[in-house]
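The listed protein sequences derive, respectively, from chains C and R.
Per our numbering, the first sequence starts with residue 95, numbered consecutively.
Per our numbering, the second sequence starts with residue 313, numbered consecutively.
By construction, these hints were calculated from the structure, which means they are not laboratory data.
Among the clues, some could well be false.
[Stated by the list, open to error] Computed cross-link-like contacts, DSS-like style, restricted to lysine-lysine with a CA-CA straight-line distance of at most 25 Å:
| # | chain 1 | residue 1 | chain 2 | residue 2 |
| --- | --- | --- | --- | --- |
| 1 | C | Lys-166 | C | Lys-132 |
| 2 | C | Lys-166 | R | Lys-524 |
| 3 | R | Lys-424 | C | Lys-132 |
| 4 | R | Lys-455 | C | Lys-128 |
What follows is each chain in one-letter form.
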Amino acid sequence: MPLFYLHRRIDGQRFLDPEGEEFPDIASAIEDAKLSVKEYLAERLRRGEPLNGDSFEIWSTEEVMVAEIHFKDVLNWRE
Amino acid sequence: MHSDIRNLLLRRLAPRDLNRLLPDLDRVKLPSRMILEESGQNIEFVYFLDDGLCSVVVGNRDIKAEAGHIGFEGATGSALILGASAPDTVSFMQLAGSGWRISSSDLLDVLKTMPDLRRILLLHAHALTTQITHTLLAAAKFKIQQRLARWLLMCHDRTHGDTMQLTHDFLALMLAVRRAGVTTELQVLEGEGLIKATRGTVQILNRQGLIKVAGACYGAPEREYERLFAEIRYPG
């Protein structure tokens with residue numbers, strides 16, 4: 095299975111994922127990244143920290159960014 | 313032979329008891345991922361670790377989490393000592409090591425005439441239960457960062473040296489969180505100078521700093537272990 099890296103971008107700075115994770119395809123990697131974002135945001139809420147404009151970038155082993163998940167897009171916000 | 317033994321439970325035995333036990337003990341290597349106990353299966357051997365780290369995991373293939381750790385301070389086989397033949401958990405070597413093993417039948421035989429060994433193993437079973445209950449508390453009430461700091465400290469307690477062979481994926485499994493969350497929290501701890509995390513390894517740089525991060529999440533089971541064994545001194 096292909097390996098994808100989930101780098102985190104905070105305030106313009108990128109934090110690298112040193113390990114990566116195997117997924118059957120890009121769609122699966124994106125789905126997992128969205129679940130990771132939800133867990134991450136839930137943890138920030140528990141800590142009383144603000145939710146912000148961070149994102150996860152999904153990179154392939156060929157060093158190509160195949161997707162970007164903006165945290166605010168994962169929130170299912172209803173007015 | 314006695315000086316070869318680093319397991320703290322065995323080292324607490326009086327020489328006469330250890331000498332009686334030694335013929336039934338086999339020295340064994342314990343490679344990473346070796347299964348020491350299987351859920352629902354009769355315990356065949358009890359292992360006293362000299363080094364390495366054994367994880368006790370509850371659940372099934374789809375839903376699981378780590379319940380406890382056993383290192384050179386302890387032994388497997390708690391279910392057997394408490395009167396059951398099989399555990400409800402899986403115990404496997406997370407970090408490779410070595411130790412001593414005795415067959416369950418031989419152990420049950422010697423326990424009939426070694427009250428000190430029985431007492432030591434029962435106290436350890438209680439210590440392990442205490443550890444597991446605090447793992448439950450940690451999961452319910454503490455933040456991932458604190459739980460990660462706790463886990464790293466407990467692993468550090470049970471290994472020799474400051475560098476541990478750990479992957480983020482494994483830590484995620486042990487903490488029952490997503491791997492990306494572990495990566496994030498490791499990066500935070502690294503940014504604070506408490507650890508150095510490279511691919512496949514975590515090095516503890518500042519243990520006191522990690523203890524501060526863990527806060528009330530770490531320490532109670534460790535104090536209980538010390539309290540339980542305070543009266544059982546190492547033979548002179």
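*Given hint Lys-524(R) paired with Lys-166(C) - CA-CA distance at most 25 Å*: violated, 32 Å
*Under the criterion that the straight-line Cα-Cα distance not exceed 25 Å, is the pair Lys-166(C), Lys-132(C) satisfied?*
holds, 10 Å
*Does the structure keep Lys-424(R) and Lys-132(C) at a Cα separation of 25 Å or less?*
violated, 54 Å
_Pair hint Lys-455(R) and Lys-128(C), alpha-carbon separation not exceeding 25 Å_ = Between Lys-455(R) and Lys-128(C) the Cα gap is close to 20 Å, so the pair holds against 25 Å.
When held up to the earlier numbered hints, the structure conflicts with 2 and 3 and fits the remainder.
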